[in-house]
Amino acid sequence: MLDTENILKKLDPSGMMQSINDLPDQVDNCWKQLQSYAVPTHYIKCNKVVILGMGGSAIGGDLTASLALSSSKLPIHIHRDYNLPNFVDHETLVIAVSYSGTTEETLDGFNKAGELGAKLIAISTGGPIESLCRKYRAPIFKIEYGAMPRAALGYLFTSVIGVLNKLGIISLGQQEIPEAVKAMKNLQKKIYFPTPTNQNQAKQLAQKIVNYIPVIMASGTLSQVARRWKNQFNENAKQMSVFESFPELCHNVIVGLDYPKKLNDKIFIISLESEFDHPRNQLRRNIVHQIFRKKGIAHDLIKVNTPQSPLIEMLLMTLLGDYVSYYLSLLNNTDPTPVQAINFLKEKLSEAKDK
Numbered sequence: 001m002l003d004t005e006n007i008l009k010k011l012d013p014s015g016m017m018q019s020i021n022d023l024p025d026q027v028d029n030c031w032k033q034l035q036s037y038a039v040p041t042h043y044i045k046c047n048k049v050v051i052l053g054m055g056g057s058a059i060g061g062d063l064t065a066s067l068a069l070s071s072s073k074l075p076i077h078i079h080r081d082y083n084l085p086n087f088v089d090h091e092t093l094v095i096a097v098s099y100s101g102t103t104e105e106t107l108d109g110f111n112k113a114g115e116l117g118a119k120l121i122a123i124s125t126g127g128p129i130e131s132l133c134r135k136y137r138a139p140i141f142k143i144e145y146g147a148m149p150r151a152a153l154g155y156l157f158t159s160v161i162g163v164l165n166k167l168g169i170i171s172l173g174q175q176e177i178p179e180a181v182k183a184m185k186n187l188q189k190k191i192y193f194p195t196p197t198n199q200n201q202a203k204q205l206a207q208k209i210v211n212y213i214p215v216i217m218a219s220g221t222l223s224q225v226a227r228r229w230k231n232q233f234n235e236n237a238k239q240m241s242v243f244e245s246f247p248e249l250c251h252n253v254i255v256g257l258d259y260p261k262k263l264n265d266k267i268f269i270i271s272l273e274s275e276f277d278h279p280r281n282q283l284r285r286n287i288v289h290q291i292f293r294k295k296g297i298a299h300d301l302i303k304v305n306t307p308q309s310p311l312i313e314m315l316l317m318t319l320l321g322d323y324v325s326y327y328l329s330l331l332n333n334t335d336p337t338p339v340q341a342i343n344f345l346k347e348k349l350s351e352a353k354d355k
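Under full-length UniProt numbering, the first residue of the sequence shown carries the number 1, and numbering increases by one thereafter.
Accuracy of the hints is not assured; some may be wrong.
Claimed, not checked - Within a straight-line C-alpha distance of at most 27 angstroms, the following computed BS3-like cross-link-like pairs (lysine-lysine) qualify:
hint, residue 1, residue 2
1, K112, K353
2, K182, K166
3, K261, K10
4, K32, K45
5, K238, K261
Derived from the structure by calculation, the hints contain no laboratory data.
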């Protein structure tokens, strides 16, 4: 089924496959665009960072914060809600990421940040958030790419790390992004649609997890990549999925595998293995997999070929997960693009606002 090209025309009329194929080029194009993008020089005086975003627009912030934990001296907080954390003030850099520019929660927080005199930057295609930027004389990084927010991650992630790199909040090697793009394109040849199932890691994993609830586990910089996998399974494949992080899951999840009895027959554990995992987390993962085997729980260990840096590994794992989610949508006989439940929710919220 996954090697039949006609299925793309039938189940993917909006072209989600093309957006996934574009991910390496998104990263490359965005990075090149950032070279001429100017960030206000006084923003370097910020002492903390808050990234506002929801859904597909927030994941770039998640990945950035995870990457920065071991390198940035400033705290980076991801805010997925209305209002703002109480610590936001004029020394806070607030980056609002809203692909559409219409995200209700993000607009609310961004406006409040402007009232507090915070240092503002927006990342968006335009819309109402651009009007707020004019109101508060804040810069906006414009994305020129037409797709669903989750399918524009290359722009949403690269723009955030690019801005923080310009301010010295994180530090990227001069060739790190070009090397990441090259590595992604090399992996892509092995997992994109023309590569047959018997040679395609992504297609094979999708076949393993169809009809299961995927539970994605990871540690360190891959923890938020696990969140991305979960989100993509939800939105592209319309399939229930959850994610957990080492070492925290060793203090609760492994005890919760006894009941309900039938659940163990319906879950599939996917562990994302990192070259940069803490040695004790590597040991924990190996021991936890022994528990899965004893309980008869389906599981698999996923890794990518030796990456040169945590950033490159994150992007490779993200690309792999996006392809798996796409192939899973085909196996589920569903169009990966529409998100009808989200649209229904937004319509009802809009109706309530208008009353």
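Taking the hints in turn, this is what the structure says about them:
| no. | hint | in the structure |
| --- | --- | --- |
| 1 | K112 with K353 | 19 angstroms, holds |
| 2 | K182 with K166 | 22 angstroms, holds |
| 3 | K261 with K10 | 38 angstroms, violated |
| 4 | K32 with K45 | 25 angstroms, holds |
| 5 | K238 with K261 | 25 angstroms, holds |
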